[in-house]
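*Asks:* Can you join these two chains into the complex? Each is in its own frame, and there are hints to help.
Below are the chains, spelled out letter by letter.
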Amino acid sequence: MTPHMLTRSLDRGATIFLLVVAALGVLIPLSNLLLPAGSFLHVPTYLVALWGKYVCYAILALAIDLIWGYCGILSLGHGAFFALGGYAMGMYLMRQIGTRGVYGNPILPDFMVFLNWQKLPWYWYGFDMFWFAALMVLFVPGLLAFCFGWLAFRSRVTGVYLSIITQAMTYALLLAFFRNDFGFGGNNGLTDFKDILGFNVQAEGTRAALFALSCLALIVGFLICRAIVSSKLGKVLIAVRDAESRTRFLGYRVESYKLFVFTVSACMAGVAGALYVPQVGIINPSEFAPGNSIEAVIWVAVGGRGTLVGAALGAVVVNYAKTFFTSGVLAPYWLFMLGALFILVTLLLPKGIVGTFNAWWASAKEKRTAASVSAAAEDGVTEPKMAE
Amino acid sequence: MNVMDTRATSAMLYLDGVHVSFDGFHAINNLSLTLEPGEMRAIIGPNGAGKTTMMDIITGKTKPDEGTVLFDGVTDLTRLDETRIAELGIGRKFQKPTVFESQTVQDNLLLALNVDHSVRGTLFWSGSKAESERIDKVLETIRLTEARNRLAGSLSHGQKQWLEIGMLLAQDPKLLLVDEPVAGMTDVETHLTAELLKEINKTHTVMVVEHDMTFVRELGVKVTCLHEGAVLAEGTIDQVSSNERVIEVYLGR
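Note that the protein sequences, when read in sequence, are chains A and B. Be aware that the first sequence starts at 1, since it is given in the numbering used here, and climbs by one per residue. Be aware that the second sequence starts at 1001, since it is given in the numbering used here, and climbs by one per residue.
With the rest of the complex left out, here is chain B (with noise of 0.2 Å):
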């Protein structure tokens, strides 16, 4: 059963008791969390503590053993394929910033545009002037219109992480999921994609995976901090910071 005939939540994305275990190590663990729609959420949380799994079971890469996933209250995610998920709205960037680095910065969000993505649509398409508006108009927010006609092998690591995030706008998804945006950029780097993000949640829900706190704090927003697989503790950066819980794990016991 895919779609339900009702909503089961108003959440965005609903977890509820969310299990998944590699070889006997439990990655996640009872997990549950509920993103509202058109909120951004921070998660943190110490290596291993199933950031990434958790992205992996909501994007369809890795299957849970048990629990509920659902996106937008009636789509069950966990029976649908990464295709399927990235069609109805799940946008991912990666850790590691990925983007096809031997084609240009333009062909680079024309193949992120959520249009006919069939073998035939892309076999015989030609461009449109709404397609190249709206490539022109990501190129302009996140920065990078002098470079369209660079390859984006040849951006410094910061463009290409902004490059991965604009192709998360041309695809346009109602949820976007985001995997340490920031590592590896500079303060101002930084400081940008934080004003980017904000920019985005305006019209997207929004996770954002980080680690560093300065980046956190100035997105300003809900945080959860995950361990072991589980919600260790939610709330204001404040409160999630001055948790003493969190503190244990972040600094050890």
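Chain A extracted, bound-state conformation (with noise of 0.2 Å):
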């Protein structure tokens, strides 16, 4: 990224986003770790983990944004890309328990050892090193998309159908996670972990950074979305949104465009599932149920598609949403409501939230500017003021 794709690219909203989200990475796991537990402004930990979770699901959100608000791909598999990113994760913090685990094997996970593995099977080797786990949680889903896409794009596979097969994927990898000789740990997943880098994945302190992290991440990977859709190449994605064959009949190779944010945003959605599962400590195939994807579809359209200030916002308002109302007596409604949020939200506000606000703020820019040369004007003042 070139500073000047970066500066182009900050626009007044994105600023203020970006600030909020750094004060807000600084400002929480300071409030944890230094002010005393009694203290009015002091975070507990236990919120700390929760919001992390929040901004995770805001980097997902994201991922989704850039494919289906500039590009027109509707996704309702990403939650695979999510999930794997967290598979990758978890295999690294399943290799650092160590002799700690209740057989004290200390190579294999206790999973295997409970299946009666005689050795660690090939695709775990690795893991056991951070840079090489960090890797594997860009590489594995973005080979994944990039295989699916080469597959689905060039053969022209799009709009209802490509949501279609993308639910498929999601679906078939959630069956094939839940047997036990797949060798991830089946039904219950990769979990009880212990160290991350040496520190306790449970210690104030290393959530207190997780979050941070997990809100520096959302800064970069919304940096890199706004820098890719401020370029011309975002226009090109637009325009192929758009007008798919017209994009194609001014040469442009529509498919080689699709293939590359496709790509990126499984990257995105992995680096999201890899920050997710240090926070919530466990990670299962249930991660990869259709529900999951369909759910972060939901997030971005009451955001707000096109946005991505909408999406992270949408990821945030929804889930925060459904933390509090399935923890009272509304619980058993809970998937009602979100169901009767995702109408309401199309048939009144089909711009979701943020995109809403964006076209109020414009029309009302518009007529202050026109109010003010018609004030100037009656007036007979000879220079009409704009309106900033």
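Hint data in this document are derived by calculation from the structure and do not stem from the laboratory. All figures in this text were calculated on a predicted structure; none of them were measured in a lab. The C-beta atom is built at its ideal place from N, Cα and C for all residues, glycine as well. Nothing false has been slipped in among the hints.
Covered stretches of chain B (in silico footprint by chain A; criterion: 3 or more residues with CB under 8 Å from a CB of chain A, positions within the stretch not fixed): (1) 1086-1093; (2) 1096-1104; (3) 1108-1117; (4) 1120-1131.
What the simulated footprint calls covered on chain A by chain B, stretch by stretch (three residues with Cβ under 8 Å from a Cβ of chain B suffice, anywhere in the stretch; the number is not a length): (5) 232-240; (6) 250-260.
*Replies:* Set out below in structure tokens:
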């Protein structure tokens, strides 16, 4: 990313968003670690972990908005890339347990000992090293997205058909990861983590650091997305979204563009999953459930697709609502409420929260400009004052 | 074999014995047609005559079952896809104006410029003076300089048609295929469009499909009448419109 691309990509909304995320990323961990537990401003550790989870969801939402909001690719299987990133991190965390497991085997994770496996499967090699796991967090979702996208986009699978096969992809992975002999802990998944890079994952300091890192990842992911959508490539993506065959007749290789953003988006989802796992302490096949991917799409729709800021905001708002409602008497009705929310947003706020706000802001600004111009004309003032 | 060693023909576009059928319906039936470099040709014909299908074949959207389609005497278009054909220098204006509605007029033209269209090229693109000068020039030609920062979706129907023609100009192809450019235009707009196409024809080979006879007459070029996927008559507008079979086809038998 060149400095030129960076300055071009930041408007006022983006700057405010980045400042807020950066402030939260610094202040929440500090308040948790430095302020006494009784203090009014103290953020308890459980909230740090909870908000860390929201931030990871926000990164996933950004990834979905990049392909859906800007390129019109509605993936209903993005949870798969999130979960794969999560599994890659989970495998590293499993290998860090070492002899502290129930069976005390220095190499094999507990579930392998339980299944009477004698040696580590080849695909677990290397995951004892953090750098390797970190690489896999990007590489595995990226590779899957690349292969999947290469086949789908080259065959010109679009619209609802693409959505259906992405859904089938995540469902197939769900079934595969459920199997014990697949080698990823089956139904139970990977859990009972102890250390990450030598720090206790349960410790307050580690949790605070993970939260700060998640915010940093959100900032970096946001900057990457902004750089992409505000470049000429971003204009091509919107062109593909609005009139795909026109773009082709202008001489753009549409499938290459789709493949590029789809892969970038999958890598981002992988990072989100990798940050999510140490904070929630478990990764299991239910993360591949088709419902999760659909829920993530709803976050983006609620926040406002094609706005990036809206996607992140939508993820936090919907998940906050989920936490709030599923912990009270309304718990059994949460799914109905989620469905109702989606229908209401589609009917009443088709542009989402941020999209609607932007439209309102733009029209208000226009009115102000018009008003000041006409006022100036009435007063006979020579120079009309421009509103901002 | 995409490129032949020597030019098989001097024509810019050469169609010979082309057949296409969709589920047994012969949309194009032994169609043969030649367009010389620098020529402007008007294609007329009743609905279902195969005009749009012919454009689909030339631009790679539809593959013919049989026949030869040569561009610039050397390139076999039947083996290439839309993107490759566009890169070779064939631009197309659709029947329904198709512009990028949520982007500005200026950005529409920027996207159409025949510069680096690779993913990397567009990701690290930063505008050049030459590019913006070309955009300015096209804007002037299509009379949309004032509207450059407006969203293309907010333009009138006629302006959208011009913007799409402008996008073709920015693409600067060797051959322009223009499908019904004056559909839904006022008389004044129609006249201006004829002027615009004549201007474009000074530097480009153009093929225009149009129903509007006044417009075709105003263009004053050779006319080909298609019927049931084949050439029915060819010649000046007066020759073609006085041809008995053409009259029969248009008025019904």
